[in-house]
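4 protein chains.
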Amino acid sequence: MVKVSIIGATGYVGAELIRLLYTHSKVEIVAISSNSFKDKYIDEVYENFLGLNLVCGDEESAIEKGDVIFIALPHGFSEEISKKALNSGKIVIDMGADFRLKNEENYKKWYEKEFECKNLHQLSSYGLTELNRERIKSSKLIANPGCYPTCSILGIYPAINEGIINESNIIIDAKSGLTGAGRTLSLSSHYSQCNEDLTAYALGGSHRHIPEIEENLKFYTNKEVKITFSPQLVPMNRGIFATIYGDITKAISLEEIFEVYKKYYEKEKFINIMPLGKYAKVKNVSMSNYCNISLHVDERTNKLIVCSTIDNMIKGAAGQAVQNMNLILGFREDLGLEALSQSF
Amino acid sequence: MVKVSIIGATGYVGAELIRLLYTHSKVEIVAISSNSFKDKYIDEVYENFLGLNLVCGDEESAIEKGDVIFIALPHGFSEEISKKALNSGKIVIDMGADFRLKNEENYKKWYEKEFECKNLHQLSSYGLTELNRERIKSSKLIANPGCYPTCSILGIYPAINEGIINESNIIIDAKSGLTGAGRTLSLSSHYSQCNEDLTAYALGGSHRHIPEIEENLKFYTNKEVKITFSPQLVPMNRGIFATIYGDITKAISLEEIFEVYKKYYEKEKFINIMPLGKYAKVKNVSMSNYCNISLHVDERTNKLIVCSTIDNMIKGAAGQAVQNMNLILGFREDLGLEALSQSF
Amino acid sequence: MVKVSIIGATGYVGAELIRLLYTHSKVEIVAISSNSFKDKYIDEVYENFLGLNLVCGDEESAIEKGDVIFIALPHGFSEEISKKALNSGKIVIDMGADFRLKNEENYKKWYEKEFECKNLHQLSSYGLTELNRERIKSSKLIANPGCYPTCSILGIYPAINEGIINESNIIIDAKSGLTGAGRTLSLSSHYSQCNEDLTAYALGGSHRHIPEIEENLKFYTNKEVKITFSPQLVPMNRGIFATIYGDITKAISLEEIFEVYKKYYEKEKFINIMPLGKYAKVKNVSMSNYCNISLHVDERTNKLIVCSTIDNMIKGAAGQAVQNMNLILGFREDLGLEALSQSF
Amino acid sequence: MVKVSIIGATGYVGAELIRLLYTHSKVEIVAISSNSFKDKYIDEVYENFLGLNLVCGDEESAIEKGDVIFIALPHGFSEEISKKALNSGKIVIDMGADFRLKNEENYKKWYEKEFECKNLHQLSSYGLTELNRERIKSSKLIANPGCYPTCSILGIYPAINEGIINESNIIIDAKSGLTGAGRTLSLSSHYSQCNEDLTAYALGGSHRHIPEIEENLKFYTNKEVKITFSPQLVPMNRGIFATIYGDITKAISLEEIFEVYKKYYEKEKFINIMPLGKYAKVKNVSMSNYCNISLHVDERTNKLIVCSTIDNMIKGAAGQAVQNMNLILGFREDLGLEALSQSF
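Residue numbers (full-length UniProt numbering), protein chains in the order written: chain A, 1 to 344; chain B, 1 to 344; chain C, 1 to 344; chain D, 1 to 344.
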């Protein structure tokens, strides 16, 4: 059994990691840490873990005990921890944003912070498994992608890479369930306020997932991608549904686009291209590591419309982290991630 | 008291009309009709109307008894009924789609049907109160707008009319609550299927509200408007939230756009332009006749993003019908529509 | 127009009062106060009140300006304010718990506090309109009932008063929507935690609504009522549904019990006894001031089962307060409360 | 790999079985049948099964191909099928109600039907794993329990068996999510009707789970159990929460009752007795095979209140069926059922 530690185990991403790793047949959680719940048993924080013998310790000890260190902290705290862990020969999978941007100018602009350990940023690999598998395999430091970027990039990458759409005028209208807002209390995630409501936030080009999407799409396609990104909150727990609009720039039919997508992802267990005429749906990926994608063309306006959907806590966070760990450790990539989504 | 009848009173729009008219101080419901529930008391169909002494009769009698005839039938049934009612000197407010398009070619294309009574189509007025008030006032036949068109047109009209955005490349990403699907049972509105789910439908330029939006926007702006329209279902009962994207075509700041919108709607009780920095939200219009609009600009991509939201059953259907009736009858326009939206 | 003030206007009960009073034709809100949002406009706290010209001032000024003073504060703050207001000749309607118990021993035991102004407690009237109408009419100080007590007492009072059931062994299994938990943030009202969840709280005889129910039922029936009370939270915004169990103590049929209830409430606009075979439902009272009651007998176990349901924010709080105000001011009792519940 | 077949695979229970068995490491689904979707691929019925190579065939062939036959049909169809399957040496796990009652008089009274194959009823074992493990192990025909009975019996059995409460006066107030109503369309499971609603059904001693609970509790405790049972529908997908009330008949403290329960279930992986002061919650069992139980005493009224909760589709149906299959086949009892519940 490979030993894993989770730093920041009491946030939603940490808790989802525990839930997934608990049933993973080749790893065991040997340590967890939490600043907010120091010395508490995990089942005092999450009652669904009743009986799990895990106590929130400190970061030092978590680094020491684990072979793989998952970091599930708010951004800004991972560089120091990663350095320590890597120096001790550990594998680090960071769920935060600290290593997701390679371009330091971008990072400064969007996070108002400089790279502390520049070489770590060079060493790190962006953990979008399906697009970066070879690099991830041989990496010791993974920048696990954000939820919106995972859903958006997987959904639009083939169309951009094949030059089907204009890469500089893409609109991503993304809808997220409330777990995306995490465990921190706020009026905007207070039940009576957000139930039976729907609204947007961070419009006007201000969400930090924008540079993550653009920079990584550029990395994979070598094109200057530019997106308009609108995050919105809908009253459900899990799921992201991205409706992505692109201007079709060449003569190509929906059937041909469908074939392109099928081919791009034909070996990918976790990516389903829905049969033409069917729609991707949140429910069909919820509680699973799948990303479902459906393709639509509006001939009146010559737009490609891609619906891409994931479970934000699994493929958009903890599940993809496990997928990356499996890859690095040489396990079957879907180990611990076999669950199908809910039928209802 | 003015006498009103409702034809097709047992669908969701009919029921919402009853609810609103019940507290209207200057009208009384004298007759309702229903094909599905003939001879039933309305409280056998909707238990919230317990004790209301209204029996579902036939259409003939409903036309005869009322001075104002609301028609809440599926499209395709209103022409004949309207002709009869108008011939008897009644005022007709049709909630269906039969008179919403003036262009017969469009109607044939999208509804696969010809105009039966061509002169009625010429007589009818599109009931988007705020944009068509003068015509409505003197009209005897109102084509009450669809829910998506109400929300979309109110949201984008000033920007198009002022030439702020390119009218031929507008994207409307619209999210609707489940009451939009009506009372008819289907798997897609079965609780366990649509709760905790989100999906799209009718993508690719196939929804019948497209010509309604384009034709009416053209009528008010004299521009050839072209839209990409994506309807989506979200797990809540009421509300439409339209996120509308337009390419800004001239040098104009968000503040200036805000001033334009403020001015366009300054006399409109039911239209709120949210202060800059605030977001329109479904909850802030739910259970009311208001339309809230918030404005956002993405300077990176030079897009105007308008969030427009209404209660689909009120401003998007029964409430606007009452507003139009008030206008025609010379009542205060907000009579029976005073309710503020829910705080939670 | 009668002038009204709301002290504590920014909690959920205060906000609901504003919403209801805004459309009341014979009163105007002249002042509101709030400790948490001093000097803020109400639409900075609740965006659905956009444009309402109400600023959160202090309590002194609210008392001075209004003829009727609504107090919507947590318990423990009303005695002092009420004294001041009454001394200035105002009418006070207290939405908190401070005057709901007449028995000081009970109050001490359950609220760990003594009566400060004993005479006020004697002067005050319990505002359960339908059972205490005559006293309320001539009262200047109303203790507006709690939400659970309103729903429970109205549901079970006729059965106890007529000796149909054993008054000392009554079980009230009550389910409440999340607005019952108010605007204060907590993990138990955090969307992702309580959505798709259901749980109980305060079991074992510890909820402060127990003495309120028992004491008031005793007052109206002259019997020593004893209840087991189980509050539970269900994922919906509004509504209380109380399932009440009593042991039938005499030979009486369901039809006869139904007739008893019909007769007790025959003149009550806001109380519906559902036809036998039908069930009370939250939706059929939601957004209205109604209380719906359905009656069921289990002959196998000789139990009377009463389902009683209200909108916790309206009949269970702000609506009943308005009803009481109407009564005291000599208005039609349903003024401002005419709204029917939602059909969907 | 053991071969299993599912008869009636396209209802909700069948679909949940497919989801669970898909990740079971020691069985494979070799055949499914469906009358409603004959010859369809399962992913045409449930899109979350996209790519699963399972076609809905006929019952004959399903019986022939499988070693274990799950029957997920409405009641009334299992006797004939079970006979055939048992005659061919198969193991049968029936998810319907046909074999749940041993007492033919009870069966006639509640199901208006006689036993067709009396000897099968004698052979069959009630599949409440924790209480009937030894019989199940050696059985070839399992009557898998209903969802309400599983939750209710596990929750109250120790208290009855130990004589802590009066067995003849038990009230079970049970709340269920909407998946309990299955896939069949009806107005009462239409989203806009049941969202933001809560109501009861089948009150007055008419629900068919009553004899199942009473008869089986009698079987395990040898006492004449009598229950008042109130099923209620709450707006969530999964979960049953039963609040069970019993009259305490002897001097015993809550702590002692807690110890009794702990001891009864100390070896049971899937049953959690919540620490005193904590509450069972639907979320803490949802998506898992666990049953969580919390204990509460109201000393004022001398009642024991037990909160018992399960996922109705897993421990209340498909999960328990898998648990029973594991037991019969000699597998680890939790194989395929390792998933922890959701944290959010």
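If you are wondering where the hints come from, they were derived from the structure by calculation, not from laboratory data.
Mixed in with the good hints there might be a few duds.
Result set (BS3-like, lysine-lysine): computed pairs, CA atoms no more than 25 Å apart in a straight line [to be verified]:
no. : chain 1 : residue 1 : chain 2 : residue 2
1   : C       : Lys26     : B       : Lys26
2   : D       : Lys113    : A       : Lys269
3   : D       : Lys38     : A       : Lys278
4   : C       : Lys38     : B       : Lys278
5   : B       : Lys84     : A       : Lys226
6   : D       : Lys262    : C       : Lys278
7   : D       : Lys226    : C       : Lys226
8   : A       : Lys278    : D       : Lys40
9   : D       : Lys269    : A       : Lys26
10  : B       : Lys118    : B       : Lys102
11  : B       : Lys109    : A       : Lys278
12  : D       : Lys250    : D       : Lys113
13  : B       : Lys226    : A       : Lys250
14  : D       : Lys278    : C       : Lys109
15  : A       : Lys26     : D       : Lys109
16  : D       : Lys278    : A       : Lys38
17  : C       : Lys269    : B       : Lys40
18  : D       : Lys278    : A       : Lys40
19  : C       : Lys226    : D       : Lys113
20  : C       : Lys250    : C       : Lys137
21  : B       : Lys250    : A       : Lys226
22  : D       : Lys269    : A       : Lys40
23  : B       : Lys250    : B       : Lys140
24  : B       : Lys226    : B       : Lys113
25  : A       : Lys269    : D       : Lys26
26  : A       : Lys109    : B       : Lys226
27  : B       : Lys278    : C       : Lys269
28  : B       : Lys218    : B       : Lys267
29  : B       : Lys26     : C       : Lys269
30  : B       : Lys250    : B       : Lys269
31  : C       : Lys262    : B       : Lys40
32  : B       : Lys269    : C       : Lys26
33  : B       : Lys40     : C       : Lys278
34  : A       : Lys40     : D       : Lys262
35  : A       : Lys262    : D       : Lys40
36  : C       : Lys40     : B       : Lys269
37  : C       : Lys263    : B       : Lys262
38  : C       : Lys250    : D       : Lys226
39  : C       : Lys278    : B       : Lys38
Treat the numbers as computed from the prediction; the structure is a model and nothing was measured.
So, going through the hints one by one against the coordinates:
no. : hint                : verdict
1   : Lys26/C - Lys26/B   : holds, 18 Å
2   : Lys113/D - Lys269/A : violated, 49 Å
3   : Lys38/D - Lys278/A  : holds, 21 Å
4   : Lys38/C - Lys278/B  : holds, 21 Å
5   : Lys84/B - Lys226/A  : violated, 57 Å
6   : Lys262/D - Lys278/C : violated, 42 Å
7   : Lys226/D - Lys226/C : holds, 23 Å
8   : Lys278/A - Lys40/D  : holds, 16 Å
9   : Lys269/D - Lys26/A  : holds, 21 Å
10  : Lys118/B - Lys102/B : holds, 10 Å
11  : Lys109/B - Lys278/A : holds, 24 Å
12  : Lys250/D - Lys113/D : violated, 41 Å
13  : Lys226/B - Lys250/A : holds, 20 Å
14  : Lys278/D - Lys109/C : holds, 24 Å
15  : Lys26/A - Lys109/D  : violated, 53 Å
16  : Lys278/D - Lys38/A  : holds, 21 Å
17  : Lys269/C - Lys40/B  : holds, 23 Å
18  : Lys278/D - Lys40/A  : holds, 16 Å
19  : Lys226/C - Lys113/D : violated, 43 Å
20  : Lys250/C - Lys137/C : violated, 36 Å
21  : Lys250/B - Lys226/A : holds, 20 Å
22  : Lys269/D - Lys40/A  : holds, 23 Å
23  : Lys250/B - Lys140/B : violated, 41 Å
24  : Lys226/B - Lys113/B : holds, 23 Å
25  : Lys269/A - Lys26/D  : holds, 21 Å
26  : Lys109/A - Lys226/B : violated, 36 Å
27  : Lys278/B - Lys269/C : violated, 41 Å
28  : Lys218/B - Lys267/B : holds, 23 Å
29  : Lys26/B - Lys269/C  : holds, 21 Å
30  : Lys250/B - Lys269/B : violated, 30 Å
31  : Lys262/C - Lys40/B  : holds, 23 Å
32  : Lys269/B - Lys26/C  : holds, 21 Å
33  : Lys40/B - Lys278/C  : holds, 16 Å
34  : Lys40/A - Lys262/D  : holds, 23 Å
35  : Lys262/A - Lys40/D  : holds, 23 Å
36  : Lys40/C - Lys269/B  : holds, 23 Å
37  : Lys263/C - Lys262/B : violated, 56 Å
38  : Lys250/C - Lys226/D : holds, 20 Å
39  : Lys278/C - Lys38/B  : holds, 21 Å
Of the hints listed earlier, those the structure fails to meet are numbers 2, 5, 6, 12, 15, 19, 20, 23, 26, 27, 30, 37, in rising order.
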